[in-house]
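These protein sequences, in sequence, are chains A and B. Residues -4 to 130 (the numbering used here) make up the first sequence, in order. Residues 2 to 390 (the numbering used here) make up the second sequence, in order.
These are calculated hints, taken from the structure and not from any lab test. Any given hint might turn out to be false.
[As the list claims (entries may be wrong)] Some residues of chain A that are not near chain B, with every Cβ distance over 10 Å (derived):
no., residue
1, Glu47
2, Asp54
3, Pro62
4, Val100
5, Asp104
6, Pro110
7, Gly114
8, Leu117
9, Arg118
[Claimed, not checked] Here are the simulated distance ranges between beta carbons:
no., chain 1, residue 1, chain 2, residue 2, range
10, A, Ile60, B, Asp382, 45 to 53 Å
11, A, Ile60, B, Gly244, 50 to 58 Å
12, B, Glu228, A, Ile60, 42 to 50 Å
13, B, Phe319, A, Gln102, 33 to 41 Å
14, A, Glu57, B, Lys318, 47 to 55 Å
15, A, His109, B, Pro186, 15 to 23 Å
16, A, Ala50, B, Leu24, 39 to 47 Å
17, B, Phe319, A, Ala37, 40 to 48 Å
Beta carbons: idealized from backbone N, C-alpha and C, even for Gly.
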Amino acid sequence: MNTAGKALLAAGVATAVAVVRRRRAPRPDDSGRRLAVTVDRAPEEVQSSLQEELARWRDRAEISIRPAAGDKGTELVVTPIGDVSRHELRLALRRAKSVLEAGEVVQPDTAPTHPGPLGKALRLVTSRAGGGGRL
Amino acid sequence: MKALCWEGINDVRVQDVPDPRLLNDQDMILKVRLSTVCGSDLHLLTGHIPFMQAGDVIGHEFMGEVVEVGPGVTRHRPGDRVVVCSFIVCGRCWYCRNELYSLCDNTNTNPAITQHLWGADPGGIFGYSHAMGGFRGSHAEYVRVPFADHTAIPIPEAVDDMSALFASDSVPTGWMGAELGGVKPGDVVAVWGCGAVGQMAARAAQLLGAERVLVIDRFDYRLRQAELAYGVETINYANTSVGDALLEATGGRGPDVCIEAVGCEAHSTGPQYAYDQVKSKLKLEMDRPIAVREAIYHCRKGGSVFVLGVFTGLVDKFPLGALMNKGLTVRGAQQHGQRYIPMLLDRIASGELVTSHLATHVMPLSEGARGYELFKKKEDDCVRSVFRL
């Protein structure tokens, strides 16, 4: 591997570590913050499908809906109750949105069998990237 | 099956990989007929976009024949000939409903990466890194097409395979730059970059009524191709002052619309190129925005700049003062292909939009590595290498 390659590998690993650390150590004031996602469906439609899509969260999160401004659908707002994994909750919200809007959650393609060192570092990121982020 | 895989920096190889299979009800499997390299692939090859795994199948501009559909697919059936947009779209989120397809909310399976980088995640792309969903690419005998009803578009009988191929990405990307850049009848339009996307942006500007179109590049063979195909005017920046030429061509005003079709690894001449190379090598800036700077600087007061080239992150020496004080409108996007592809296929069928000349090097997939080498080094007057499967 040439110098540029090594630098890129190092950058990739650093990015991976930074993202994973960030997910493991959320900012202190993040813990009580509500999570929200906007679903491009009418409030009645979202309300009627919620029981099914978010049933397992009924006792662990307070779920409310409100119309989104400007014909953008319905805002689905969730307040975690107690020690709830925000990663799992984000994932659940994203999945619910995708099912409500598109009818299913798109599955990623099969991963390569020999990802290499950079690929292995990247897998640390992608293993959490479905439920991470700014939602 | 055989597929062209990214195996490391500047290392692509044909490998045996498992056949794709239907993973969702709305998937279909396509037998790829033609798949072409794209300038944006070079950012993967060079490692500029560091979200690849060895063994990832690359390629995102393609067409082929449907061989299998999931139970949720209603618009395609086995035997259909389709062109597939490089962006995978659900077709039913707010962004898709508003024809901002590349911003689809439901197709990036790894949204956190781009959310951290950019504040929000765009849609998924075939063969374009795990930051964009980790989907397998099209340089393969078969490819899985998620949300097939919305991602793939039928090809009219009057359009041959090679012409249809470029309706997958370069044609709609170019068209979008001209249309969303606001080209109007009588405008003077300048396009930076004379690859396939730049040529298509230039042709789109003509079809939208531009009075003069000037294309800027450093390769005479690409400029000649655009002159011959579309009758545009050309500027070779290696031996001409772009600013002086544009001022002369526009009576001292500058172009009404400037379209950047170069991207994050731009080349140039003079000290600014050395500056950007050093800074990007040291990772003090992520992208080299040379053409964007020029477009903003040379655009007329109150004009419009559209950024079509792929950029990944932070840039240096961005001319915010020129943008603000000249009252410019600057816009950019990945392609909203589904918005344009049916219309563009009709224009190709009618003969007003010629695309097949872009395929300068057609070869079997087994020569994939050579195809990228030709394309990357601009050898043998290569504009696009196309793999026939």
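To see whether the hints hold, each was checked on the structure:
Annotated as non-interface, Glu47 of chain A keeps its C-beta farther than 10 Å from every C-beta of chain B; the closest such distance is 17 Å. Distance to chain B confirms Asp54 of chain A as a non-interface residue, since its nearest Cβ pair spans about 26 Å, more than 10 Å. Its beta-carbon lying about 13 Å from the closest one in chain B, Pro62 of chain A satisfies the requirement of being farther than 10 Å from that chain. Not every beta carbon of chain B lies more than 10 Å from that of Val100 of chain A, the smallest distance being close to 8 Å; the non-interface claim is violated.
The non-interface label for Asp104 of chain A is inconsistent with chain B: the shortest C-beta to C-beta separation is roughly 4 Å, within 10 Å. For Pro110 of chain A, the requirement that its beta carbon stay farther than 10 Å from each beta carbon of chain B is not met, with the minimum near 4 Å. At roughly 3 Å from the closest C-beta of chain B, the C-beta of Gly114 of chain A falls inside 10 Å, breaking its exclusion from the interface. Not every CB of chain B is more than 10 Å from the CB of Leu117 of chain A (nearest about 6 Å), against its label as outside the interface.
Once the 10 Å rule is applied to beta carbons, Arg118 of chain A is inconsistent with being away from chain B; the minimum gap is 7 Å. At roughly 59 Å, the beta carbons of Ile60 of chain A and Asp382 of chain B sit outside the given window of 45 to 53 Å. Ile60 of chain A and Gly244 of chain B have their C-beta atoms about 55 Å apart, which keeps the hinted 50 to 58 Å range intact. Glu228 of chain B and Ile60 of chain A have their C-beta atoms about 58 Å apart, which leaves the hinted 42 to 50 Å range violated.
For the hinted restraint 33 to 41 Å between Phe319 of chain B and Gln102 of chain A, the CB-CB distance of approximately 39 Å keeps it satisfied. Taken as a hint, the range 47 to 55 Å holds for the pair Glu57 of chain A and Lys318 of chain B, whose Cβ atoms sit roughly 48 Å apart. At roughly 55 Å, the beta carbons of His109 of chain A and Pro186 of chain B sit outside the given window of 15 to 23 Å. As the Cβ distance of Ala50 of chain A to Leu24 of chain B is approximately 24 Å, the hint placing it in 39 to 47 Å is violated.
Checked against the given bound of 40 to 48 Å, the beta carbons of Phe319 of chain B and Ala37 of chain A, roughly 42 Å apart, stay inside it.
Taken one by one, the earlier hints fail for this structure at numbers 4, 5, 6, 7, 8, 9, 10, 12, 15 and 16, listed in ascending order.
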